[in-house]
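Peer 1: Residue numbers (my numbering), protein chains in the order written: chain Y, 1 to 393; chain H, 1 to 72.
Take the hints with a grain of salt, since some may be wrong.
[Stated by the list, open to error] Straight line, CA to CA, 27 Å or less: simulated DSSO-like cross-link-like pairs of lysine-lysine: (1) K82/Y to K5/H; (2) K42/H to K75/Y; (3) K30/H to K393/Y; (4) K5/H to K341/Y; (5) K158/Y to K5/H; (6) K130/Y to K30/H; (7) K28/H to K82/Y; (8) K318/Y to K28/H; (9) K298/Y to K5/H; (10) K160/Y to K28/H; (11) K5/H to K393/Y; (12) K142/Y to K178/Y; (13) K82/Y to K363/Y; (14) K72/Y to K363/Y; (15) K33/Y to K21/H; (16) K28/H to K157/Y; (17) K130/Y to K5/H; (18) K281/Y to K28/H; (19) K393/Y to K42/H; (20) K158/Y to K24/H; (21) K157/Y to K5/H; (22) K130/Y to K105/Y; (23) K30/H to K72/Y; (24) K160/Y to K30/H; (25) K130/Y to K24/H; (26) K298/Y to K21/H; (27) K160/Y to K21/H; (28) K5/H to K249/Y; (29) K249/Y to K393/Y; (30) K24/H to K142/Y; (31) K178/Y to K249/Y; (32) K21/H to K130/Y; (33) K178/Y to K79/Y; (34) K318/Y to K21/H; (35) K79/Y to K24/H; (36) K160/Y to K24/H; (37) K75/Y to K28/H.
Quick caveat, the hints were computed from the structure, so don't treat them as lab data.
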Amino acid sequence: MKKIFLTAFGIAALLKTFSQQLPDSSFQSRQLKVDEINLVSSYYNQNGDHAAVTGGIGTQQLTDIANVFDVKLTKYDRKLRKHTYDVEVGIDHYTSASSDKIDLKANSSASHADTRIYPSLTWTMENEQKRNTLTAGVSFSKEFDYISRGINAGFSKKTKDRNGELSVKVQAYFDQVKLVTPVELRDYPEDRHYGSANRTTIAGSLSWTQVINRNLQVAFLADLVHQQGFLSLPFYRVYFTDGSVHQEKLPDNRLKIPLGFRANYFLGDRFIIRTWYRYYKDDWGISSHTVNIEVPVKITSFFSVSPFYRFYNQTAVKYFAPYGQHTAQDEFYTSNYDLSKFNSNFLGAGVRLAPPGGVFGVKHWNMLEIRYGHYTKNINMNANIVSLNIKYK
Amino acid sequence: MSSIKYLAALAVITGLATSCKAVKEYQKNKLNDSEMSLSNRKVEKTEMSFQSYREGASGANAGKSGGGCGCN
Chain Y
1 MKKIFLTAFG IAALLKTFSQ QLPDSSFQSR QLKVDEINLV SSYYNQNGDH
51 AAVTGGIGTQ QLTDIANVFD VKLTKYDRKL RKHTYDVEVG IDHYTSASSD
101 KIDLKANSSA SHADTRIYPS LTWTMENEQK RNTLTAGVSF SKEFDYISRG
151 INAGFSKKTK DRNGELSVKV QAYFDQVKLV TPVELRDYPE DRHYGSANRT
201 TIAGSLSWTQ VINRNLQVAF LADLVHQQGF LSLPFYRVYF TDGSVHQEKL
251 PDNRLKIPLG FRANYFLGDR FIIRTWYRYY KDDWGISSHT VNIEVPVKIT
301 SFFSVSPFYR FYNQTAVKYF APYGQHTAQD EFYTSNYDLS KFNSNFLGAG
351 VRLAPPGGVF GVKHWNMLEI RYGHYTKNIN MNANIVSLNI KYK
Chain H
1 MSSIKYLAAL AVITGLATSC KAVKEYQKNK LNDSEMSLSN RKVEKTEMSF
51 QSYREGASGA NAGKSGGGCG CN
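Please construct the entire structure, taking both the sequences and the accompanying hints into account.
Peer 2: See the structure below:
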């Protein structure tokens with residue numbers, strides 16, 4: 001917690017020093033200018049007793065500190081099309097009691113902590129006259145045992161009355177998994193030369209947003225996601241009925257179909273009701289429902305409080321069994337409880353401050369939002385997360 | 001039971017489609033409120049990230065659909 005606030009205030013102080021340099025946003029500049037800067041920081045901790053690294057038993061204690069820094073630059077071209085360049089860099093650092101157990105004898109081995117870095121760049125071109133938007137982006141993510149490279153492209157078109165919009169997006173991720181096996185399953189336990197395997201994800205997304213009236217707007221969302229390659233994790237253990245230990249083994253193909261619906265309603269002058277529902281199904285056997293409701297209450301025009309609640313449930317994948325219950329007859333096997341049958345509840349609240357003169361009187365410090373959520377699964381796992389968003393505009 | 005769900009979904013979609021009113025740009029002050037946005041808010045970014053790691057389902061929220069390990 002202390003680290004998040006120190007980071008946040010450090011960056012806010014830094015931004016204040018060059019706030020004078022930010023150009024006025026009231027005209028359509030052909031020069032590239034800083035439109036918006038966001039910092040999202042969060043502290044996450046979890047606990048449970050179904051760690052996949054130790055075959056579905058053992059501590060799941062984990063902490064993660066994440067910082068995402070996002071700069072949005074805009075310019076207009078000769079045809080008055082708006083170009084936006086979104087440059088984002090994220091850094092996560094986690095410590096995990098379960099991944100420490102890649103070597104069961106270790107107590108704080110090299111795998112107990114890791115840092116993930118994930119930069120991305122997105123370009124968007126909005127043509128106000130033709131009512132369409134083009135977008136393209138690249139992303140990268142790296143941690144010790146995993147590298148991901150992503151590309152995406154999208155197109156959206158508004159209706160003539162600008163009350164409806166159809167969007168199409170395609171994303172592709174080309175990932176590489178380092179084959180870090182549990183120490184007792186290696187030919188040479190001291191061997192640190194790991195092989196690697198590929199994982200490819202192709203996702204198509206379709207969405208339709210529609211203004212219903214002055215207070216209500218809705219969105220329909222549909223994705224089709226196909227994954228191919230090494231979809232297991234090499235250091236997840238599975239214990240068979242005979243006591244033998246194996247690496248998790250899952251099929252090398254997965255097709256996912258999530259369908260979503262959002263509806264946001266402005267009730268009176270003070271209440272907003274934000275809702276989201278998702279139905280999900282995949283060919284590994286998971287079907288799931290997610291319902292989310294959040295009610296921002298505008299205490300004043302620049303200060304709001306937003307309680308939220310999210311319910312989630314899922315069925316298990318066909319290949320799941322708890323510790324010591326798989327047999328040698330099983331073609332695929334996992335004891336990862338994230339793929340088991342469970343339901344979860346996520347409850348919390350956020351506070352948002354966006355005064356016209358700037359937060360704490362700092363002119364360009366446009367918004368401050370702090371949010372806390374408590375997450376519980378009915379399979380004895382819980383987590384807490386505190387997030388902070390500072391927007392500079 | 002499932003046919004009741006489909007009928008309910010159809011009723012909602014039909015209801016929404018028939019109740020659409022043309023809203024002019026100058027009438028959109030409430031719809032343009034930042035908390036009325038039909039996308040996820042920045043502050044939710046890391047929440048969605050941990051949920052996609054801890055749960056089997058993901059997607060249909062205009063976010064990422066892959067990339068990153070989430071193995072712990």
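Peer 1: Decide, hint by hint, whether the structure agrees.
Peer 2: Against the structure, the hints:
no. : hint             : verdict
1   : K82/Y to K5/H    : violated, 43 Å
2   : K42/H to K75/Y   : holds, 22 Å
3   : K30/H to K393/Y  : holds, 21 Å
4   : K5/H to K341/Y   : holds, 22 Å
5   : K158/Y to K5/H   : violated, 30 Å
6   : K130/Y to K30/H  : holds, 25 Å
7   : K28/H to K82/Y   : holds, 21 Å
8   : K318/Y to K28/H  : violated, 48 Å
9   : K298/Y to K5/H   : violated, 34 Å
10  : K160/Y to K28/H  : holds, 16 Å
11  : K5/H to K393/Y   : violated, 45 Å
12  : K142/Y to K178/Y : holds, 11 Å
13  : K82/Y to K363/Y  : holds, 25 Å
14  : K72/Y to K363/Y  : holds, 18 Å
15  : K33/Y to K21/H   : violated, 37 Å
16  : K28/H to K157/Y  : holds, 19 Å
17  : K130/Y to K5/H   : violated, 38 Å
18  : K281/Y to K28/H  : violated, 36 Å
19  : K393/Y to K42/H  : holds, 14 Å
20  : K158/Y to K24/H  : holds, 14 Å
21  : K157/Y to K5/H   : violated, 31 Å
22  : K130/Y to K105/Y : violated, 64 Å
23  : K30/H to K72/Y   : holds, 24 Å
24  : K160/Y to K30/H  : holds, 21 Å
25  : K130/Y to K24/H  : holds, 17 Å
26  : K298/Y to K21/H  : holds, 26 Å
27  : K160/Y to K21/H  : holds, 14 Å
28  : K5/H to K249/Y   : violated, 36 Å
29  : K249/Y to K393/Y : violated, 48 Å
30  : K24/H to K142/Y  : violated, 46 Å
31  : K178/Y to K249/Y : holds, 15 Å
32  : K21/H to K130/Y  : holds, 22 Å
33  : K178/Y to K79/Y  : violated, 47 Å
34  : K318/Y to K21/H  : violated, 46 Å
35  : K79/Y to K24/H   : holds, 25 Å
36  : K160/Y to K24/H  : holds, 11 Å
37  : K75/Y to K28/H   : holds, 25 Å
In summary, the numbered hints that this structure violates are 1, 5, 8, 9, 11, 15, 17, 18, 21, 22, 28, 29, 30, 33, 34.
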